[in-house]
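Protein chains in written order, with our numbering: chain W, 19 to 132; chain U, 114 to 227.
For the record, the hints were derived by calculation from the structure and aren't laboratory data. Certain hints may be false.
[Unchecked claim] Partial pick of chain U residues on the chain W-facing surface, computed with a CB cut under 10 Å:
(1) 140
(2) 149
(3) 156
(4) 159
(5) 162
(6) 166
(7) 206
(8) 215
(9) 216
(10) 219
Given the structure is predicted, the values throughout are model-derived calculations rather than measurements. In this text, a Cβ means the ideal position worked out from N, Cα and C, and glycines have one as well.
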Amino acid sequence: DAGVIQSPRHEVTEMGQEVTLRCKPISGHNSLFWYRQTMMRGLELLIYFNNNVPIDDSGMPEDRFSAKMPNASFSTLKIQPSEPRDSAVYFCASGRGGSNYGYTFGSGTRLTVV
Amino acid sequence: GDSVTQMEGPVTLSEEAFLTINCTYTATGYPSLFWYVQYPGEGLQLLLKATKADDKGSNKGFEATYRKETTSFHLEKGSVQVSDSAVYFCALSFSGGGADGLTFGKGTHLIIQP
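The shape of chain W in the complex, shown without the other chains (with noise of 0.2 Å):
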């Protein structure tokens, strides 16, 4: 079992750039999320899927974030255009069925805009 893999490790990239961040799940979790940590702010959960299909993306900022699981083994969060206040690590998680199992968490992107 290589965990969840997130990449790339580190990004550094210029404000108003493209940003796509990856991740691939544990195989046979049904649940990937996708969250920011930052100092100020601590863990906030931007959006989740279930099953490939989101379900609550309310914790996403603004429209310039979006993210997709195009299948059970890929997820993408991307940042259009990226702006300073938008560096963090992003950390990708997955799990099987209910919360109560815990999840498991990736390495984490850690992002900076310049």
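Start from chain W and add chain U according to the hints.
Structure of chain U alone, referenced to chain W:
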């Protein structure tokens, strides 16, 4: 809305000291409760959980008891080690018949000195 409140850090202790990290929650209904741990440069790892009142979660010498009366889930360990140095997050979730996201506290940074 639902929320989790943790004691502010950093918490600095000497090796073999007793640890308590306080966590209280606000929620309508009875959520599942979790403690996650984050080591430097890594994602969050599930440490322990409890799904109903009076349940005790335990793992790696850590314990926490789900107290409905006080809406609390304090984390304890009898004798901490330097390797326990990390950030600890308390979280809650409602299963609702399907997977849903976790609501996290701000995290407590624990530093154990030899």
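### Query
Okay, which hints does this one fail, numbers in order?
1 and 6
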